[in-house]
Amino acid sequence: PPAPVAPEAEIRKLVADRAELEKKRGKLRSLLDGGKISEKTFKKLDLELEEKLAEVVEKLKALRDGIERRLSDAKAALEERKLEREEKYARMEIGDISREEYEAEEARISREIRMLEEEIAQLEEALEAIGGES
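Numbering (our numbering), first residue to last: 133 to 266.
Incorrect hints may have been included.
[As the list claims (entries may be wrong)] Derived lysine-lysine pairs resembling DSS-like cross-links, with alpha carbons at most 30 Å apart: (1) Lys168 / Lys155; (2) Lys145 / Lys193; (3) Lys175 / Lys156; (4) Lys156 / Lys191; (5) Lys172 / Lys159.
Since the hints were made in silico from the structure, they are not lab data.
Take these sequences, add in the hints, and give me the full structure.
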């Protein structure tokens with residue numbers, strides 16, 4: 133079975149943390165714009181929020197980079213399996229291997245293809261959850 137994608141809960145938490153920090157920064161800006169806090173207070177608190185946000189974004193970027201590498205590897209492996217299946221078919225058709233050998237190999241390759249397709253779908257969902265703006 134494919135290795136699990138970065139825990140979904142971890143991705144969801146980081147995405148939620150990012151949204152919450154961005155919301156807090158927006159609210160802080162509104163307080164400044166509305167004259168409810170001084171520029172000095174705004175700068176101090178905004179810097180704290182910005183640093184926390186940078187940490188979250190860095191974690192998301194690291195996750196995304198790892199997922200993108202795995203996705204690239206899985207897509208390459210999928211293409212290899214499809215070519216392998218095509219080659220086995222051609223070998224059966226020209227008499228290099230028997231129909232029984234072909235069918236056994238085709239079943240194995242098809243299982244591998246299904247597993248790779250599932251892994252690719254999971255990785256793409258994880259990338260979508262992370263988003264591209266981190």
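Here is how each hint holds up against the structure:
A hinted pair counts as satisfied when its Cα atoms are at most 30 Å apart, and lysine 168 with lysine 155 qualifies at roughly 17 Å. Simply put, lysine 145 and lysine 193 have alpha-carbon atoms about 14 Å apart, close enough for the 30 Å limit, and the pair holds. Distance check on the hinted pair: lysine 175 and lysine 156 sit about 13 Å apart at the alpha-carbon level, within 30 Å; holds. About 19 Å separates the Cα atoms of lysine 156 and lysine 191, which keeps this hinted pair within 30 Å; it holds.
A C-alpha spacing of about 16 Å is found between lysine 172 and lysine 159, which places the hinted pair at or below 30 Å, so the restraint holds.
Violation of the numbered hints given earlier is absent; every hint is satisfied by the structure.
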